[in-house]
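Sequences are here, hints too, so could you generate the full structure?
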Amino acid sequence: MKYILHGIFWIGLYLLLVLAPLFVLILAPAPPGNGFVHDLSMALGFAGAAMMAVMFVLTARFKRATAPFGIDLIYYFHRQIALVALLFVVAHPVLLLMNDPGLWPYLHPAVSPLYLDAGVGSLLALLALVGASLWRKRFGIHYDGWRLWHVILAIVSLPLAIYHIRGFGYYVNMPWKHGLWTLIPLSCLLIVLYVRLLKPAQLRRHPYRVTAVQQERGDAWTLTLRPDGHAGFTFEPGQFAWLTLWHSPFALKEHPFSIASSAEESPQIRFTIKELGDFTRRIGTVQPDQLAYVDAPYGAFSIDRLQAPGYVFIAGGIGIVPIVSMLRTLADRRDRRPLLLFYGYSSWERLTLREDLEALQQRLDLKVVYVLGEPHAGWTGETGMLTTDLLARHLPPEKTELEYLICGPVPMIHAVERSLSVCGISLMRIHSELFDLV
Amino acid sequence: MRLWLAKILALITGLLILALAVLFALLQNS
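Just so you know, the protein sequences line up as chains D and V, in that order. Residue numbers for the first sequence follow my numbering, so the first one is 6 and each next one is one higher. Residue numbers for the second sequence follow my numbering, so the first one is 52 and each next one is one higher.
Honestly, the hints are just simulated from the structure, not real lab data. One or more hints might be untrue.
Said to hold, decoys possible - Here are a few chain D residues that face chain V, going by a calculated C-beta distance under 8 Å: (1) I16; (2) G17; (3) L20; (4) L27; (5) I31; (6) F41; (7) F82; (8) T393.
Stated by the list, open to error - Capping the alpha-carbon separation at 30 Å, the derived lysine-lysine pairs in DSBU-like fashion look like this: (9) D/K258 to D/K68; (10) V/K58 to D/K372; (11) D/K7 to D/K404; (12) D/K279 to D/K68; (13) D/K372 to D/K258; (14) D/K68 to D/K204; (15) D/K404 to V/K58; (16) V/K58 to D/K68; (17) D/K258 to V/K58; (18) D/K142 to D/K204; (19) D/K142 to D/K7; (20) V/K58 to D/K142.
Treat the numbers as computed from the prediction; the structure is a model and nothing was measured. Even for Gly, the Cβ is constructed at its ideal location relative to N, Cα and C.
As structure tokens, then:
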């Protein structure tokens, strides 16, 4: 209930921030209109700029604001709302030019005023930023490079948009409106300073040391870390952290990973990381005693937020990691509630943390259903995809009273959510964790 | 469920903005 009320508060605040410039446009005295389409275009331009500014707040990882939702959902929302913002920002010049084709010549660099160049620059930066995010993998853009340019383009795009608004000046013709459009970029600048300087400085004062590096099945590695000179942090099982290795926290080289260890095991923490990209392929080269920086905890995907007589976990591939954290925690707490785990992976030999799951079965009332995509000869268990029929075969009679936690690739999450709904499970009982968003 | 909530909130935000933008354009030109 606490998280629901907090969530409603933060959604309300978000809407207030995004809609504020439009309320100012509507309620404050304004100069005469210039036709419906022209003024609609202006309003969409203002709204687009406000949405761009609020993106800085959305992605600043403020723990209190993100706690009710889980930061994975905030980033998912960021991705969706960015497309809406881009639509409005693009609609602004398109509507203007459609409404008055006589404006086209003003776009020529030789005659265009500087504020118009700024507007075009802002739009191009935004297009590049969104395009690179949508098609990063297709373009083969390295994650670290993408992230750096994402930040740079965002930081460039917003001031250009604000300069464009103030330079044109028609609907910001009063000193307090000028003040508002000065306050917005200043607030964003403060957020950038907090995220890029203050927070990394805090992380650097609270380093971690790698105490063990262990190879796992399925091209994965488990890193064990201990806080170096501080008390570490507590977390809810299933949450995740941003991990920096080989670099200072100022270097923008952090990557999100689910915590694999039990919440009862802190301050020691473990991460199990699969070799998937340029960063993760180097995980096996991490040396004991190496420095690491951990920004945590984040995420809302946890049994600690869900009271239930039992749980059903559904994992695809390395999505098993936060679920193992929850199982380890339940085992450490000597929890005897019934647990059911569906674990889909390619093959028996590659099942990451398989032995850990088998050990956990001795300590918990846990049934594991392995679902193999490439079963070996003689395999008598489940095969193929996590289909509705497969889930229905194993769900217990009291299935509607249980809570369901799914972690894996987005298409798998969608498919399993649909299947569970067909099986009669309320959507309110289905919870998912996203990864691999960009 | 959560993903749909995020999509719906994005849609509602977009529609609210569009409605207010249309309202502003109408008021300016009425």
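Practice problem: Grab the minimum C-beta distance from D/F82 to chain V and call the hint holds if it beats 8 Å, violated otherwise. | Solution: holds, 4 Å
Quiz prompt | Supplied contact hint for D/F41, tested at 8 Å Cβ to chain V | solution = holds, 5 Å
Exercise. Below or equal to 30 Å on CA atoms is what counts here, so check V/K58 against D/K68.
Key: holds, 22 Å
Exercise. Under 8 Å, Cβ to Cβ, is where D/I16 needs to be relative to chain V, so tell me if that hint holds or is violated.
Key: holds, 7 Å
Quiz item: Keeping to a limit of 30 Å between CA atoms, is the pair of D/K404 and V/K58 held or broken?
Solution: Status holds; Cα separation ~28 Å.
Quiz item: Are the Cα positions of D/K68 and D/K204 separated by 30 Å at most?
Solution: Holds, at roughly 12 Å.
Practice problem: Please work out if D/K372 and D/K258 have their alpha carbons no farther apart than 30 Å. | Solution: With a Cα-Cα distance of about 39 Å, the restraint between D/K372 and D/K258 is violated, given a limit of 30 Å.
Practice problem: For the pair supplied as a hint, D/K142 and D/K204, confirm whether the alpha-carbon distance does not exceed 30 Å. | Solution: The given pair, whose Cα atoms are some 29 Å apart, holds under the 30 Å limit.
Practice problem: Against chain V, run the beta carbon of D/I31 and see if the smallest gap drops under 8 Å. | Solution: Since chain V brings a Cβ to about 5 Å from D/I31, closer than 8 Å, the hint holds.
Quiz item: Are D/K142 and D/K7 close enough, with their CA atoms no more than 30 Å apart?
Solution: violated, 38 Å
Quiz item: Holds or violated: is the Cβ of D/L20 closer than 8 Å to a Cβ in chain V?
Solution: holds, 7 Å
Practice problem: Compare the distance between the alpha carbons of V/K58 and D/K142 with 30 Å, and conclude whether the hinted pair is satisfied. | Solution: Within the cut-off at roughly 23 Å; holds.
In this structure, the hints that do not hold are numbers 2, 8, 10, 13 and 19, in rising order.
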